[in-house]
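Starting from the structure of chain A, add chain B where the hints point.
Protein sequences, first through last, are from chains A and B.
According to our numbering, the first sequence is numbered sequentially starting from 1.
According to our numbering, the second sequence is numbered sequentially starting from 1.
No lab work stands behind these hints, which were simulated from the structure alone.
Incorrect hints may appear among the rest.
Derived DMTMM-like pairs (lysine to aspartate or glutamate); straight-line CA-CA distance at most 25 angstroms [unchecked claim]: (1) A/K18 x A/D38; (2) A/K57 x B/D92; (3) A/K57 x B/E5; (4) A/K57 x A/E103; (5) B/K81 x A/E103; (6) A/K69 x A/D38; (7) B/K81 x A/D38; (8) A/K17 x A/E79.
Cβ-Cβ distance ranges computed for the label pairs, FRET-style [what the hints assert, rightly or not]: (9) A/K71 x B/T108: 41 to 49 angstroms; (10) A/V14 x B/Q79: 41 to 49 angstroms; (11) B/G40 x A/S96: 23 to 31 angstroms; (12) B/T108 x A/E53: 24 to 32 angstroms; (13) A/S96 x B/Q79: 16 to 24 angstroms.
For the chain B half of the interface with chain A, some residues (derived, Cβ under 7 angstroms), not all of them [as the list claims (entries may be wrong)]: (14) F29; (15) G31; (16) S33; (17) A42; (18) P43; (19) Y48; (20) F87; (21) T91; (22) G95; (23) L97; (24) F99; (25) G100; (26) A101; (27) G102.
All residues carry an ideal CB built from backbone N, CA and C; glycine is no exception.
The lines below spell out each chain.
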Amino acid sequence: EAQVTQNPRYLITVTGKKLTVTCSQNMNHEYMSWYRQDPGLGLRQIYYSMNVEVTDKGDVPEGYKVSRKEKRNFPLILESPSPNQTSLYFCASSLSSRDISYEQYFGPGTRLTVT
Amino acid sequence: GQSLEQPSEVTAVEGAIVQINCTYQTSGFYGLSWYQQHDGGAPTFLSYNALDGLEETGRFSSFLSRSDSYGYLLLQELQMKDSASYFCAATDSWGKLQFGAGTQVVVTP
Numbered sequence: 001e002a003q004v005t006q007n008p009r010y011l012i013t014v015t016g017k018k019l020t021v022t023c024s025q026n027m028n029h030e031y032m033s034w035y036r037q038d039p040g041l042g043l044r045q046i047y048y049s050m051n052v053e054v055t056d057k058g059d060v061p062e063g064y065k066v067s068r069k070e071k072r073n074f075p076l077i078l079e080s081p082s083p084n085q086t087s088l089y090f091c092a093s094s095l096s097s098r099d100i101s102y103e104q105y106f107g108p109g110t111r112l113t114v115t
Numbered sequence: 001g002q003s004l005e006q007p008s009e010v011t012a013v014e015g016a017i018v019q020i021n022c023t024y025q026t027s028g029f030y031g032l033s034w035y036q037q038h039d040g041g042a043p044t045f046l047s048y049n050a051l052d053g054l055e056e057t058g059r060f061s062s063f064l065s066r067s068d069s070y071g072y073l074l075l076q077e078l079q080m081k082d083s084a085s086y087f088c089a090a091t092d093s094w095g096k097l098q099f100g101a102g103t104q105v106v107v108t109p
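Chain A on its own, in the form it takes in the complex (with noise of 0.2 angstroms):
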C-alpha cells in the first residue's frame, strides 16, 4: 500500500530532550516535507527536500533540523524542544516539486507535546 508513515503518533517530553520523528515514504517520490499545525495557523511548513541531499527552508524552521540522506526517509529532529512546539506535525510526499499535480501525500500526523 503506497503511503506515507511517521513515528511516534504521540510524544510527551520535556524541554531540552532532544528527539526525532521519523517520516517515511514507499512511493519512490523525490519531494518531501514537514509541516506543523495550529489552531487558526493552518499549516506552515518547516522544511522542505526536493531530492536526496538537498533540504531548503519553509516558513517556520527555527528550533528544527531535518536531513534527507536517502529517498525514502526525512526525520525531523528537534535538539533541544521547548513549549512552543507544541504542536501537530505532519510529514508530506509528492512525486516531484516539478510535478504538474503537485498532489502531495501526507502522513497521519504526530502530536508532539512539550512540558
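Leaving out everything else, chain B in the frame of chain A:
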C-alpha cells in the same frame, strides 16, 4: 514570500453550492492547490491549478486567475461528509509551499 487569505467559515445546507475564495500574494508563484482535512485526520489533495481556468473533478472544481492573484474552490451538491476544513496552498518556483489558514465548511441538513 507568500501569504494567502481565505474565509474562516462557511455554512450551507445539503445539496447547496459553496465557493471558497483564496487570494494570494506571491513571489515566484507557480500554482495553487486545494486540500481537505476532516477533524483529527491528515489533509488530502483535492485539486491543483497551474494555469488560468477551471479544473473539474467530480463535485469539486477549482479556478485560478493569475492576473488577479485569485482562486476558488467550488463544492457542488453538498453532502454531510463534506463538512471539513479546506485549505488553499500556493507553491513557488523553488518548491516552497504555503497554506492559507483554512476555511471550515459546515453542512447542515
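(request) For the range 41 to 49 angstroms, tell me whether the beta carbons of A/K71 and B/T108 fit it or not. (result) holds, 46 angstroms
(request) Mind checking the hinted window 24 to 32 angstroms against the Cβ distance between B/T108 and A/E53? (result) At 51 angstroms between Cβs, range violated.
(request) Let me know if the C-beta of B/A42 comes in closer than 7 angstroms to any C-beta of chain A, holds or violated. (result) holds, 4 angstroms
(request) Would you check whether B/S33 satisfies its interface hint, that is, whether its CB is within less than 7 angstroms of any CB in chain A? (result) Given a least distance of 5 angstroms, the restraint on B/S33 holds.
(message) Quick check on B/T91 please, does its C-beta sit within 7 angstroms of some C-beta on chain A?
(response) With Cβ-Cβ at 6 angstroms, under 7 angstroms, it holds.
(message) Let's test the interface hint: is any C-beta of chain A closer than 7 angstroms to that of B/F87?
(response) At about 6 angstroms, which falls below the 7 angstroms cut-off, the nearest Cβ of chain A leaves the hint on B/F87 intact, so it holds.
(message) Next pair to validate is A/K69 with A/D38; report whether the Cα-Cα distance is within 25 angstroms.
(response) Answer violated: A/K69 to A/D38 is near 29 angstroms, above 25 angstroms.
(message) Hinted pair, alpha-carbon criterion (25 angstroms max): A/K57, B/E5. Please report holds or violated.
(response) holds, 22 angstroms
(message) Does A/D38 sit within 25 angstroms of B/K81, going by the straight-line distance between their CA atoms?
(response) holds, 23 angstroms
(message) So, as I understand it, the hint says B/A101 touches chain A; can you test that by seeing if any CB pair is closer than 7 angstroms?
(response) Where the cut-off is 7 angstroms and the nearest Cβ of chain A is about 4 angstroms from B/A101, the hint holds.
(message) Just to be sure I understand the hint, the distance between the Cβ atoms of A/V14 and B/Q79 should be within 41 to 49 angstroms; is that true here?
(response) The hinted range 41 to 49 angstroms holds for A/V14 and B/Q79, with Cβ atoms some 44 angstroms apart.
(message) Hint validation: B/G100 versus chain A, beta carbon distance must be below 7 angstroms. Holds or violated?
(response) holds, 6 angstroms
Against the hints set out earlier in the document, violations occur for numbers 6, 12, 13, 14.
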